[in-house]
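Could you put together the complete structure from these sequences and hints?
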Amino acid sequence: MIYHVLNNEKFTDWVINSFKRLGKGNDKFLLVSNNSSSQYFDDPSVEFISKKYFLNDFIPKNEDIVIFYFLHLNNITFLLKRKNCKFRKIWIGYGADYYYYLLNERSFHSLYLKITQELFYSFNGHYFLKRIALTFYQKIFFLIKVMPALKTLNYFAPIIPNEFSIIKDKYPSLKFDYLDFTFGDVSFLIQNSNFQNGENILLGNSATFSCNHLDILESINHLKFSNKIVIPLSYGNGKYRDFLIDYIPKNYNNLNFEILGKFLPLNEYNQILNQCGFAIMPHLRQQGMGNIYSLLYSGTKLFLFKKNPVYNFLKDMGVYFHSIEELMSNTRLLESPLTQDEMEKNRIIINIHYSKEKSFDRIQKIINL
1 MIYHVLNNEK FTDWVINSFK RLGKGNDKFL LVSNNSSSQY FDDPSVEFIS
51 KKYFLNDFIP KNEDIVIFYF LHLNNITFLL KRKNCKFRKI WIGYGADYYY
101 YLLNERSFHS LYLKITQELF YSFNGHYFLK RIALTFYQKI FFLIKVMPAL
151 KTLNYFAPII PNEFSIIKDK YPSLKFDYLD FTFGDVSFLI QNSNFQNGEN
201 ILLGNSATFS CNHLDILESI NHLKFSNKIV IPLSYGNGKY RDFLIDYIPK
251 NYNNLNFEIL GKFLPLNEYN QILNQCGFAI MPHLRQQGMG NIYSLLYSGT
301 KLFLFKKNPV YNFLKDMGVY FHSIEELMSN TRLLESPLTQ DEMEKNRIII
351 NIHYSKEKSF DRIQKIINL
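Read left to right, the sequence shown gives residues 1 to 369 (the UniProt record's numbering).
By construction, these hints were calculated from the structure, which means they are not laboratory data.
A virtual CB, placed ideally from N, CA and C, is assigned to each residue, including glycine.
Any given hint could turn out to be false.
Derived BS3-like pairs: lysine-lysine, alpha-carbon spacing no greater than 27 Å straight-line [said to hold, decoys possible]:
1) 83 to 170
2) 358 to 28
3) 114 to 20
Simulated DEER-style distance windows between Cβ atoms [what the hints assert, rightly or not]:
4) 328 to 44: 26 to 34 Å
5) 170 to 145: 28 to 36 Å
6) 331 to 141: 30 to 38 Å
Rendered as structure tokens:
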């Protein structure tokens, strides 16, 4: 039996349908929740179970596989309680989980630029004292809870492969093997092939501090261009989203922008992305890969920071894109889209890496473990 301990989010529906299609009828889908429904999927095969049942009564057999989608605290506790059990344990990371535990500011680098760092501190009043206490607590929790739980895992699937190397270099005591997995595929994310590639500029992918919105807006505020800046804020930190919705119009009224504050169906969101010929993803960590794949496939000119692990990942694949450092010294890069040859090259590369067939191959390998 393959047990899927699901994460309540937008790609879960794809996970369920893909394993159902390729599996042998021995997949069970579990969501640890006090609710009996989800806003992201409506599938009768999902069993909603309580935290108490999950931690105390759910005991897989030795021949079973348990896949954890996102390493929630419940999953860490479960792994510790079942550390002597022989079933195979797979962690499929979402990014936010392993950046919090393994690639945080202490072990990797800060995820925030200067303005965002100050804003983050202001959102956490008396942050200096809290930070000292929190850092101490996190170190202790990591040593006595997180690391012992991670050492029970057999496989780990990060979002992009070079993150696995970064983690193994920093934590050589972790013995789990690499597992290749991606959420979704081109056919799931791209609903049509009518690529319009308008002049709009996409900025970030969510209402998260790691998007460094204000640092980028401050950098381009003095520039003269008519492109509309599209800012997706439909998910993430609600307080940060509300702040940006109020702050941006008051302080950057010379810029033409559109804020997406509400959750949109995928086809509507893709229509908006289709109008963006340019995309600035100002993360210092891997984030928004679904968006990045979609944008590259549709012909968008992408800008990333060089410190972002995605930068080297895409460079190694041969993708055409630019660094944000280049953009800051040559803003004329926003005046011209990718050439047709560059668009087609990117489309071929993404289709090879992120096709339905490739994604299904990855799932089939998990089924055959």
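To see whether the hints hold, each was checked on the structure:
1. The suggested pairing of residue 83 with residue 170 holds, with an alpha-carbon distance near 23 Å, which does not exceed 27 Å.
2. Proximity of residue 358 to residue 28 is assessed by CA-CA distance (about 23 Å); at most 27 Å being required, the pair is judged to hold.
3. Pair hint residue 114 plus residue 20 does not hold up; C-alpha atoms about 46 Å apart against a cutoff of 27 Å.
4. Taking 26 to 34 Å as the suggested C-beta distance range, the pair residue 328 and residue 44 does not conform, at roughly 51 Å.
5. Checked against the hint of 28 to 36 Å, the C-beta distance between residue 170 and residue 145 comes to roughly 18 Å, which is inconsistent with it.
6. At about 44 Å, the CB distance of residue 331 to residue 141 disagrees with the hint of 30 to 38 Å.
Hints 3, 4, 5, 6 from the earlier list are contradicted by this structure; the remaining hints agree with it.
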